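K.L.:
The task is simple: from the sequences and hints, build the whole structure.
The lines below spell out each chain.
Protein chains: 2
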Amino acid sequence: MKFCSHCGASLVVKIPPGEDRERHVCDQCGTIHYQNPKIIAGCIPEWEDRILLCRRAIEPRLGLWTLPAGFMELGETLEQAATRETLEEACAEVDELQLYTVLSLPHVDQVHVFFRSRLIRPDFAPGVESLETALFHESEIPWEELAFSTVRKTLRDFFQDRRQGSFTVRVTHLPPATGAAKIRSTDTSRSGAGRNVAKT
Amino acid sequence: MKFCSHCGASLVVKIPPGEDRERHVCDQCGTIHYQNPKIIAGCIPEWEDRILLCRRAIEPRLGLWTLPAGFMELGETLEQAATRETLEEACAEVDELQLYTVLSLPHVDQVHVFFRSRLIRPDFAPGVESLETALFHESEIPWEELAFSTVRKTLRDFFQDRRQGSFTVRVTHLPPATGAAKIRSTDTSRSGAGRNVAKT
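For the protein sequence lines, the chains are A and B, in the order given. Every letter in the first sequence is one number past the one before it in the working numbering, and letter 56, counting from 1, is 56. So the number in the working numbering is just where the residue sits in the second sequence, counting from 1, plus 200.
Calculated directly from the structure, the hints in this document are not laboratory data. Heads up, some of the hints might be wrong.
[Unchecked claim] Simulated pairs of lysine-lysine, BS3-like, Cα-Cα distance not exceeding 25 Å: (1) A:K14 - A:K2; (2) B:K202 - A:K14; (3) A:K2 - B:K353; (4) B:K214 - A:K2; (5) B:K214 - B:K202.
[Unchecked claim] Sample of chain A residues facing chain B (criterion: CB under 7 Å; computed from the structure): (6) P16; (7) Q35; (8) E76; (9) G165; (10) V169.
[Said to hold, decoys possible] Covered stretches of chain B (in silico footprint by chain A; criterion: 3 or more residues with CB under 8 Å from a CB of chain A, positions within the stretch not fixed): (11) 276-282; (12) 305-317.
Note that this is a predicted model, so its numbers are computed, not measured. Virtual Cβ for every residue (Gly too), placed ideally from N, Cα, C.
P.N.:
Encoded structure:
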């Protein structure tokens, strides 16, 4: 962030009066440009005892599997965002959304929120951001080819809770990813100004 | 948003190729400036059977009562944001945070998240953004002088659940506020570029 989006003047980084941390400030028009974490909302679409996953057609993590999820847009509720992303990425309609995981990722300034949900019909297909969509039994989940740590955490908790017959909302934070998924990522930017890119 | 924060050129509003909605786009450097909802995190600080509230020293809703809460900052977890806001607004330390309400406010592009929490000691005082801080029994809550609809909803649910002896995570969305709190608000801007301002 170099220029004021309000007046076009150059920005400086400094602690504004009365605040306790550095901000991007415009000395010309006085605007303080706050930056805040972004929300990723997604679904765990269930059809009988199987879960719908999408194989990513875009970076980061191209070719890896994910739950349908993406950046919450202005004017949406969390449930609307999760439902829209499921429709966009998997051409699938869901209902009966129940909050399941709320995962802070402070190293990338994101909060990931997943809802359990019911696939209304077993109809799905790859959206433009997906290469492939498929239903998976627990034993078929491609654990080594999951795109994001939040998806892995959400699916592990989901199957554990399902075996025990009771679901509890899970709230935690995750550290930076390690291992295969990280190595295959091509996006390490923290910029909020480029393409809305999910990161873990 | 008029100018590109990356290169300083004028922005245009248009639907970028492959997308389905208008964005602020820089035709000079190609940057798409995404805008996304912001997260407000806060606490319900409990001391024995009383709740800690703060009377606001700043707009919007100056003079009205609120739970300690504010904008989540970069690099934080949800729990860290809620804890920090409680320390800043009420000089109070909390622990044992438990997610309680998750409230989408699509009309102001915010998601409010409140945690039940334990006041570590009955020590508190107004921070710079508060005029007054105090512990309230349920019968003492100033229902007609609460600053935000999300605070009212969270407190109503909290006391109902407490009477029933069991707390459930509440996930919903709220419409624009009506009544006294709205009339007394002086902030109706949707800008994300000014002071981080909580709105309902």
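K.L.:
Now, for every hint given, state plainly whether the structure supports it.
P.N.:
Results for each hint:
{"no.": "1", "hint": "A:K14 - A:K2", "result": "holds, 13 Å"}
{"no.": "2", "hint": "B:K202 - A:K14", "result": "holds, 22 Å"}
{"no.": "3", "hint": "A:K2 - B:K353", "result": "violated, 40 Å"}
{"no.": "4", "hint": "B:K214 - A:K2", "result": "holds, 22 Å"}
{"no.": "5", "hint": "B:K214 - B:K202", "result": "holds, 13 Å"}
{"no.": "6", "hint": "P16", "result": "violated, 9 Å"}
{"no.": "7", "hint": "Q35", "result": "holds, 6 Å"}
{"no.": "8", "hint": "E76", "result": "holds, 6 Å"}
{"no.": "9", "hint": "G165", "result": "violated, 18 Å"}
{"no.": "10", "hint": "V169", "result": "holds, 5 Å"}
{"no.": "11", "hint": "276-282", "result": "holds (count 5)"}
{"no.": "12", "hint": "305-317", "result": "holds (count 5)"}
Consistency with the previously given hints fails for numbers 3, 6, 9, ordered from lowest to highest.
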